Structures are given as structure tokens and as C-alpha cells.
Amino acid sequence: MTTGMALLDWLVMAGTTLAIVLYGLWKSRGNQNIRGYLLSNHDMKWWTIGLSIMATQASAITFLSTPGQGFGDGMRFVQFYFGLPIAMIIISIVAIPRYRKLDVYTAYEYLEQRFDLPTRTLGSALFLLGRSLAGGITIVAPAIILETLLGWDTNLTCIGIGALVLIYTVSGGTKAVSQTQQQQMAVILLGMALAGVVMVLMYPPELGFVDALHIAGKSGKMNLITLPSTFDEFASDRYNILSGLVAGTFLSLSYFGTDQSQVQRYLGGKSVSEIRIGLLFNAIFKIPMQFGILLIGVLMYVFYLFSPNPMFFNEQERQAILATEAGPAYAALEERYHRLDDSVSTSWQGWLAARNAGDTQQEAMALEQAQQLEATASRIRAEGVALISEREGSRPKDQDRVFLAFVLEHLPEGLVGLLMAVIFAAAMSSSSAELNALASTTLVDIYKRQIRPEATDKHYLSMSRWLTLGWGVVAICFAILAGQFENLIEYVNILGSLFYGTILGLFVVAFFLPSIKGKAVFWAGLITEGLVLAIYFLPIWSEEIFGWLNIGYLWLNMIGCVAVAGFGSLLQLVLGAEGEKKKKP
Amino acid sequence: MINLSHMSQSPQYSEEDQELQRLFPLVKRWKSLYLFVLAELVGLIILFFTLSRFFS
Numbered sequence: 001m002t003t004g005m006a007l008l009d010w011l012v013m014a015g016t017t018l019a020i021v022l023y024g025l026w027k028s029r030g031n032q033n034i035r036g037y038l039l040s041n042h043d044m045k046w047w048t049i050g051l052s053i054m055a056t057q058a059s060a061i062t063f064l065s066t067p068g069q070g071f072g073d074g075m076r077f078v079q080f081y082f083g084l085p086i087a088m089i090i091i092s093i094v095a096i097p098r099y100r101k102l103d104v105y106t107a108y109e110y111l112e113q114r115f116d117l118p119t120r121t122l123g124s125a126l127f128l129l130g131r132s133l134a135g136g137i138t139i140v141a142p143a144i145i146l147e148t149l150l151g152w153d154t155n156l157t158c159i160g161i162g163a164l165v166l167i168y169t170v171s172g173g174t175k176a177v178s179q180t181q182q183q184q185m186a187v188i189l190l191g192m193a194l195a196g197v198v199m200v201l202m203y204p205p206e207l208g209f210v211d212a213l214h215i216a217g218k219s220g221k222m223n224l225i226t227l228p229s230t231f232d233e234f235a236s237d238r239y240n241i242l243s244g245l246v247a248g249t250f251l252s253l254s255y256f257g258t259d260q261s262q263v264q265r266y267l268g269g270k271s272v273s274e275i276r277i278g279l280l281f282n283a284i285f286k287i288p289m290q291f292g293i294l295l296i297g298v299l300m301y302v303f304y305l306f307s308p309n310p311m312f313f314n315e316q317e318r319q320a321i322l323a324t325e326a327g328p329a330y331a332a333l334e335e336r337y338h339r340l341d342d343s344v345s346t347s348w349q350g351w352l353a354a355r356n357a358g359d360t361q362q363e364a365m366a367l368e369q370a371q372q373l374e375a376t377a378s379r380i381r382a383e384g385v386a387l388i389s390e391r392e393g394s395r396p397k398d399q400d401r402v403f404l405a406f407v408l409e410h411l412p413e414g415l416v417g418l419l420m421a422v423i424f425a426a427a428m429s430s431s432s433a434e435l436n437a438l439a440s441t442t443l444v445d446i447y448k449r450q451i452r453p454e455a456t457d458k459h460y461l462s463m464s465r466w467l468t469l470g471w472g473v474v475a476i477c478f479a480i481l482a483g484q485f486e487n488l489i490e491y492v493n494i495l496g497s498l499f500y501g502t503i504l505g506l507f508v509v510a511f512f513l514p515s516i517k518g519k520a521v522f523w524a525g526l527i528t529e530g531l532v533l534a535i536y537f538l539p540i541w542s543e544e545i546f547g548w549l550n551i552g553y554l555w556l557n558m559i560g561c562v563a564v565a566g567f568g569s570l571l572q573l574v575l576g577a578e579g580e581k582k583k584k585p
Numbered sequence: 586m587i588n589l590s591h592m593s594q595s596p597q598y599s600e601e602d603q604e605l606q607r608l609f610p611l612v613k614r615w616k617s618l619y620l621f622v623l624a625e626l627v628g629l630i631i632l633f634f635t636l637s638r639f640f641s
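Quick mapping for you: the protein sequence lines, in order, are chains F and Z.
Residue numbering for the first sequence follows the working numbering, starting at 1 and increasing by one per position.
Residue numbering for the second sequence follows the working numbering, starting at 586 and increasing by one per position.
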């Protein structure tokens, strides 16, 4: 078992990670009451809020997978974030003043103030269901990648990440989470920026940064803005400008406005203005940040055009397919693929030379040759991936592994350790926020509201710590279970998003449709959840009969939200009329 | 319904505008900050479109 990390890397990784944990413990010392534990005593400044929101959203898989997305699919994923600034403005105007006026601990508390207890319980239950599963995934997803690339035991990595998070989250609550997230974001941004700069410095001397962008563009990777040309593309393609602006706005509204793991990041703000600026900070910097991370993936693609790269980045899968009957066929494909390495590099160098010399005819010829060679390499790789996917239990996707494979293979000692610290920081920042939110929702919306309403502040503080610890153990156990079945991860990620539309619908009705009352919205929420689950699962169950229902799951947020409002209005008409009849003898 | 008083148009700054000015003296009104965020989004889309074309 090789680790692929030198002593310096271990020191940098361990030192950075432990320093952040100790900082979190130190900054949140002396927390003696439930208000301090869950709302940080309303002392958070806008920059803490802004960085905390950003760090909560960016999990380890974001930093592993996004460069891989750029490498394989180009820049178009950036469009996914176009709805975020719009959503942040709406939340700033509509939700923040309401949450602060009622001085709520959780977003779902507001639902009871506006409707009734069943609706509050429905909102919090949907959140707990979706987020508790996602909490485990946040931990296990990077652990699986670290196992395949470094040989680390997945279970031990899950326990390690979970234990580090629990040390400061149990002890310091919201304040510890938010304070550590500032340091974690600093480590993440520094690590990613250095990786990008070092990558460009490792290019061949004749290849400059702008040249690399031109080559990326000629290879179809600078697809920053894409428009759907058919209705099918509009509905099923997740990443185009329309889905980004419309469906992305709904997704961001539900995630940042109603998901307690985000809402808790800003409820502890010093004032409405501090919270708003924190949200708008995220609105301003999120898209440029994602652009930068995707660009690293695109620059990595160009790097590999000039240096040999594996046909498939998951070495375990490669070994597994080579050991089967399809092994010789796969090995032959690999040989053909690597035979193209030099030709691809030479043809792009020819294109660069012709372009710099102003020889347009030679430039066009070299470009055509390079593009043909790249297309051939892609076809061979696709055949290889098809062989891998035929093996039972295989994992035919290697996108999440591309960036870390590059880091381990090409980056210098020390920087590898820093990038590993980036992965740990990202995993810890997301999971600490999730555990913190799960504990506060269970305490405030379930335990304090429905099980033990009259208890001392000390009791609730102690209970919050136990709940954080309990949810942490659940997340670690689920992570270990999910680690055995990696394909589960994709389903659970999607499953989480199946609840967002309904939750957002409850809040949209609460904010904008004052005539709809509790009973109508509660049943509308239940019906909608059934509808959303049906829209997602029926095409999977029978493609032949329900294939027409197959739409990108990003749109389910909008459908869920609109359906709650629609069903709520209809039910209110019916229930309202019945209520009137009952009133009249 | 929705409270838009913090986006007041009057020459007198609302209480919320004044709080914004305390945090960010350069920005006078919330409305200006919201418009700046939207303008940045539009600017980024135009920039991305231009980059797509330029490097294609």
C-alpha cells in the first residue's frame, strides 16, 4: 500500500487540520447558554457569515469533482450558479427581516408562526430526512477517493474526519463552526490557487496561459455559455444558461433560504444588515470562485495534451478490468490510446508554431489534425469506459479522481499536503454545518417544542451537545455503510434534492400567499412530495411507460415549489368553503 | 406583505440605508447594492459569452 505522500506533506496536512480544530475550540470557549451555542449570541459579522455560507456549500467533493468536471465537460457547469445572486437578493429582501423579527432559532419555527405546528413539523422532518443522509455522504465521498488513490482505509478516514469535526462542533456549536469555516475557506482558496499557478508553470516553455485557453477553446472546453437548442435539452440538460438562471434560482432559494444548514450560518448575524451583506458577499464571489475552480480543470486538460495521461483515472477499476476476460481488449485500447500521446502533443505544438508565425494555412491544417487525433483518443477512451461499465459492480466514472491524481503525480512536496488539507477542510466545513443544523432542528423543532417544552437553559445546552454527538455518530455510521456501496452516493445526493422543492413551496406560500392557511398548505406539502417522488422514480421504474417524465432533477425544485402553491390554493378554496359551511348552521 | 422600506427612493435615507452606510460608507442605499449584484451577474454572463466566442 503506497501513500503517495512525503513526510513534509503529512506535516503540512496534519498541522493545518489540527490548527483549525484548535482554533475552533479556542474561539468558542466559554459558551454557557443555548443562545450562544445555536445563534452565536448574535455576534457574527458579515465576513464571517459570507465565508461560512460559502464554506458550508463547498464540500470536499466540490473541490475534487469540479476540476474533473472542467477536465471532462469544460466550463459550462459555471452556469449552474447563475441563479444564486438572484436568490440571495430575494432572500435578503423577503426572508431575513422575517426570521430576525421573530427571532427564530430555525427556519421551520417560522412555519409555525405563520401556519401551525403540523406544517412546522413537516418542514423540519423533510429537512432532517434529506440532510441526515447527506451528512454521511459529505464524509464518505472524499474518503472513497482517498482510498482508491492513496490506499487509505475508507472506514478509518470517515471516522477520522467525523471525530475531528465532532471535537469542535460538540464543544463550540455554531460559533465554532463559523469561525473554523473562515480558516477552512482560506486554506481551500490558497491551496486551489497555488495548484492552478503551479500547473501553468509546469507547461512546456512554448505554451503560455493564453495559448492554453485557445487550445482549450479549440477542444470545446471554453463552453461558458450554452443555449439549449431543443425542448428536450432545455428540460433534461442540467447546465445551460436557462436552467442555470431559472431552475438554479429555485434551487438556491430553497438551499440558502430554507435549509437549516445554511439558515443557521446567518441567523447568528449581528443585525439584518450584517446578514444581508454576508449573503450578498456570497452572491458576488461565488460565480468567480467556481469559474476559477473549473478553469483549473480546463488548464489540467491542456496540461495532459502535452504530457502522457492515464486513459482512465481510477487505477483500482483499471486493475479490475485487466483481471477479467475483457482485460486483453482493454489493454489493447490502452496501447492505442497511449500511442497517440506524442502525436497529439506534436500536432498542438505545430498549431502553436504556425499561429505564432502567422501562417494561417499551416495553422488550419495543424488544428484539423490535432482535433482529429483528440477525437480518436476520446473514442478509444469511450470504448474503454464501456468495457469497464460492463463489469458487474464497476464504477465507470473517474471524474472525481482526475484532479487528485494530478496533484499526487505532478505537484511538489508540501503542496500535495496542502491540497490534502484542502480536502479535509472542505469535508469538515460542510459536515460541521450539517451536524450543527441537524442538532438545532431536532432540539428546537422536535425536542423543545413537542417533547420537553419546560426545561432549563443548561438542560437544552447539554441536550444540544448530545444531539450533535448523536447525529455525528449517525453520519459516520451511514458514511461507513455508504462506503460499501458507492453507487448509493449518487442516489442519496439526488434524494436530498427531492425534498427541497416542497420545503421551498411551504416558505413561498408563507411569504407570498397570506390567504392560504395551515391545513391547506400541510396537505399540499404532502401531496407535492408524493408527486415529486413519482416524477423522479417512475421513469427509473419503467422507462418505456414513464420515459416522458424524465427531466433534469434540478427542475424538481421549481415543480415542487409551484405545486405546493397550486395545491395549497386549490385546497384552501375547498377547505375554506367547507369551513364557511360549518360556520353556517 | 414584503417590506421594501429599506429600498426607499426618498432623498432621506431610511434607517436600514443608514446602517448600510455605517458598514459600507461607499454604498448609500440597499437598492444600489442589489443593482450592483445584478449588474455583476449580467456583466459576468456577457464576459463569459465573449470568452466563449473569443476562445472557440
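FYI, nobody ran anything at the bench for these hints, they're computed from the structure.
Note that this is a predicted model, so its numbers are computed, not measured.
Using N, Cα and C, we set each Cβ at its ideal position, and we do this for glycine too.
There's no promise every hint is true.
So, partial list: chain Z residues that the calculated Cβ filter (under 8 Å) puts toward chain F [unchecked claim]:
#1 Gln-597
#2 Tyr-598
#3 Leu-611
#4 Tyr-619
#5 Leu-626
#6 Leu-629
#7 Ile-630
#8 Phe-634
#9 Phe-640
#10 Ser-641
Keeping only pairs whose Cα atoms sit at most 25 Å apart, straight-line, the calculated DSS-like set for lysine-lysine is [unchecked claim]:
#11 Lys-519(F) with Lys-270(F)
#12 Lys-101(F) with Lys-448(F)
#13 Lys-45(F) with Lys-270(F)
#14 Lys-27(F) with Lys-616(Z)
#15 Lys-45(F) with Lys-613(Z)
#16 Lys-458(F) with Lys-613(Z)
#17 Lys-458(F) with Lys-616(Z)
#18 Lys-218(F) with Lys-616(Z)
#19 Lys-27(F) with Lys-613(Z)
#20 Lys-397(F) with Lys-45(F)
#21 Lys-519(F) with Lys-448(F)
#22 Lys-519(F) with Lys-616(Z)
#23 Lys-286(F) with Lys-613(Z)
Calculated Cβ distances over 10 Å to all of chain Z for the following chain F residues [stated by the list, open to error]:
#24 Asn-41
#25 Asp-116
#26 His-214
#27 Met-222
#28 Asn-223
#29 Ser-273
#30 Glu-274
#31 Arg-276
#32 Ile-545
#33 Gly-547
*asked:* When the structure is checked against the list of hints, which entries are broken? Sort them ascending.
replied: 1, 2, 3, 11, 14, 16, 17, 18, 19, 20, 22, 26, 27, 28, 29, 30, 31
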